Every structure is written in structure tokens, then in C-alpha cells.
Amino acid sequence: MEEARVIMMLTGALAQLAPEDALRPVLEALLREHRKQDAQLRKLTRISDRYQKQLKEANLALAQASFTDLLTGLPNRRAMVERVNGELGRSDRNHASPALLMVDVDHFKQVNDSYGHETGDQVLQSLANTLRSTVRAYDTCARWGGEEFLVLLPETAMADAVGVGEKLRRAAQQRPEGEPLPGITLSIGVAVHRQGETPAAVLRRADDAMYEAKRQGRNRVVAAE
Amino acid sequence: MTEPSLDIMDIPATVSSPQVRADPGQGLICLAGESYPENTFEFYRPITEWLAAFLQRDERPLTLEIRLTYLNTSSVKCLIDLLDELEEAHHAGRRVALNWYYDLEDDRAMELAEEFKEDLTLPFAIIPLQRQG
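Residue numbers (numbering that gives the first Met the number 0), protein chains in the order written: chain A, 0 to 224; chain B, 0 to 132.
Derived by calculation from the structure, the hints in this document are not laboratory data.
None of these values were measured; they are calculated from a predicted model.
Every residue gets a Cβ at the ideal spot worked out from N, C-alpha and C, and that includes glycine.
Be careful, since some hints might not be right.
[Stated by the list, open to error] Sample of chain A residues with no beta-carbon within 10 angstroms of chain B, all distances over it, derived: (1) 4; (2) 38; (3) 47; (4) 53; (5) 78; (6) 80; (7) 84; (8) 91; (9) 138; (10) 177; (11) 182; (12) 200; (13) 207.
[To be verified] Label pairs and their in silico Cβ distance ranges: (14) B:128 to A:47: 22 to 28 angstroms; (15) A:176 to B:113: 48 to 54 angstroms; (16) A:131 to B:104: 48 to 54 angstroms; (17) A:8 to B:106: 38 to 44 angstroms; (18) B:52 to A:70: 56 to 62 angstroms; (19) A:203 to B:106: 43 to 49 angstroms; (20) B:110 to A:172: 23 to 29 angstroms.
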């Protein structure tokens, strides 16, 4: 606090001057000027701090928005790509393979065509809530594409991952009570990451398994080879 | 008041500097837009000089109208200088006022206006504006 020290010195010096001392008006003017500068600096710093705080908040909101799916509030594809990459890296380091569930709504186009896009959106929102509340706390559900969701289960063996898939499939089929939305079913493909496998490769296997579920008649869970 | 009256100052806005209008007839200085010019102190010098000249030559009331949506730190400093000048005039018994306009839906802009207002005793109105269209 340099300015505060100068102000103290000037105040001290003034106290020692005789009332009629010729230096008094000079010191008084200096003291006034220093007080003014001091007040300005404090104000400037305060305003600058507030700007910085607002900027930080705006950046945070922007970052959150860029990683969130607007319709469902789930992490979006961008966020999920990062999370999957991180988890697969951990898998290679710790031999703790995660499982990926590719989840697709069966005949979703028919929902849109018969009930309208607004209802279609509500179905996706409701399904997102169901997925979120059905998986374990450390699993991640994301909106992957239109009616496609991706679920990441850290360190999960195939049998358990298929179990989670079955749970999701049944939960989606049982609509919450009193919800006037058309019923849907899910086709789910499950792949467990292999050591050294690229994200694209394991996603492809989950995707292929999901299409196999479609081929077998939909509303089912298929494990990737 | 033998000196010639002040000219109207009218500087159009750019991407990084605000529009400046100063009208001695109306006793009004208006700053509108965003303020982060390349050389901020150079930019504000004529405004500070105009204000000082008006207060010296003219007896009439003066209003400073602020419609700034973004200020860099140098602009904040220049604006504080302008406000201090007005505050001094106020203490000297001049009729000066400040109208600070902000977007009604922008709470942050209002918080900033409050910060500028702090420590000042001159009439300082913080006025919310409805967003257009």
C-alpha cells in the first residue's frame, strides 16, 4: 500500500507544521491529490475485479453450454467423446476396461410422424430422464445423435454391462405413470473395450451390435463379439 | 463568458470505440457502444477536454449520458476521471447529472453501474432499458 504510506507521511508532516507555515497549503494540496489517486485506484481495481469475475462466470456458462445437449440436458457428443477418450486411456493404463452401450430408439421416425416433433422431443426428454436415473452414479449417459444415446460404464465386464442394458431396455418400456407419451422400445448394442483398441473401433463394435439388435427384431440387447 | 461557445462534438462509433456526442446547446455528453480502443487515453482526451471547457465557460447544467456495454480497464480509468470531474463540479455547486442506461435483462451491467456510482454524491441515475425488438 504505497499510496497509504505517502498519505500517512503527509498527514504526519502536516501535524508538525505551524499553522502559518508556508509549506502547509502545498502539503495539503499534495495530500488531497494523493487521497484522490488512492480512491481512484481502489475504484478501478474494484471495477476491474468485477469485470474479471463476470468474464469468468460467462466463460463457465459458455463451457457448460458447449458440453450439454440443449433438449435433454445430458452431456452432448462433444463432452462424451472427451469422457470416452479419457476412460479408454485409463483402461489401457490400469487394465480396467469400460463398457459402451449404444442405445437407439426403435421406430422413432414413426413417433415423430404420428404425434409430431414436439411429442418426439418430449419422448427423448423423458427417455433421457429414465436413462439417467437407471444407470449407476459413476456411469455417463450422453445424447449421441438424433434418437441415439451412448452410455459409458467404467470398469464393467460384459455380463454386467448387458445387465445394465436390460435394465435400461425394461425401464424405457415402462412409461412413468400418468405420462401421456407414446410407448417406445430400445435396441442396445454393448461392447467392452479391449486393451489398445481405438475409441473409433470400440464405438464401431457397439454400433454394429446395436444394428444386430435391430436385425433380430428390435427391443433387445446384443453383446458385441 | 467572453470565450466563444464550444463546438458540437460528434464521433461515430467503431467496433472498438463508442459513439460520442457532445452538445453545448443541450448541455449533454453522450457515450454509446463498446469501449476498447487501441489507444484509449488518446481517444478520451478530447472528451475530457470538452467537459472541462464546458464547465469552465458555460453556466448551464450538464448531463453525462452513458450507454456503454463494454469497457476495457483503460476506458474504466478514463470514465472514472470524467466522473471525478463531474463530482468536483457538483461540489462546487454546478448542476450536473449522470444517466447510466443498461439492458434491463443484464444484471451484470447493473452491478457495474453500481460500482461506478459508489463514493459519488452527484445525481446518478441507473436506468434500465427494454431490449428492442
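Cross-check of the supplied hints:
no., hint, result
1, 4, "22 angstroms, holds"
2, 38, "7 angstroms, violated"
3, 47, "5 angstroms, violated"
4, 53, "5 angstroms, violated"
5, 78, "26 angstroms, holds"
6, 80, "32 angstroms, holds"
7, 84, "35 angstroms, holds"
8, 91, "44 angstroms, holds"
9, 138, "37 angstroms, holds"
10, 177, "36 angstroms, holds"
11, 182, "41 angstroms, holds"
12, 200, "46 angstroms, holds"
13, 207, "49 angstroms, holds"
14, B:128 to A:47: 22 to 28 angstroms, "25 angstroms, holds"
15, A:176 to B:113: 48 to 54 angstroms, "49 angstroms, holds"
16, A:131 to B:104: 48 to 54 angstroms, "31 angstroms, violated"
17, A:8 to B:106: 38 to 44 angstroms, "42 angstroms, holds"
18, B:52 to A:70: 56 to 62 angstroms, "59 angstroms, holds"
19, A:203 to B:106: 43 to 49 angstroms, "47 angstroms, holds"
20, B:110 to A:172: 23 to 29 angstroms, "50 angstroms, violated"
Violated hints for the displayed structure, listed by number in ascending order: 2, 3, 4, 16 and 20.
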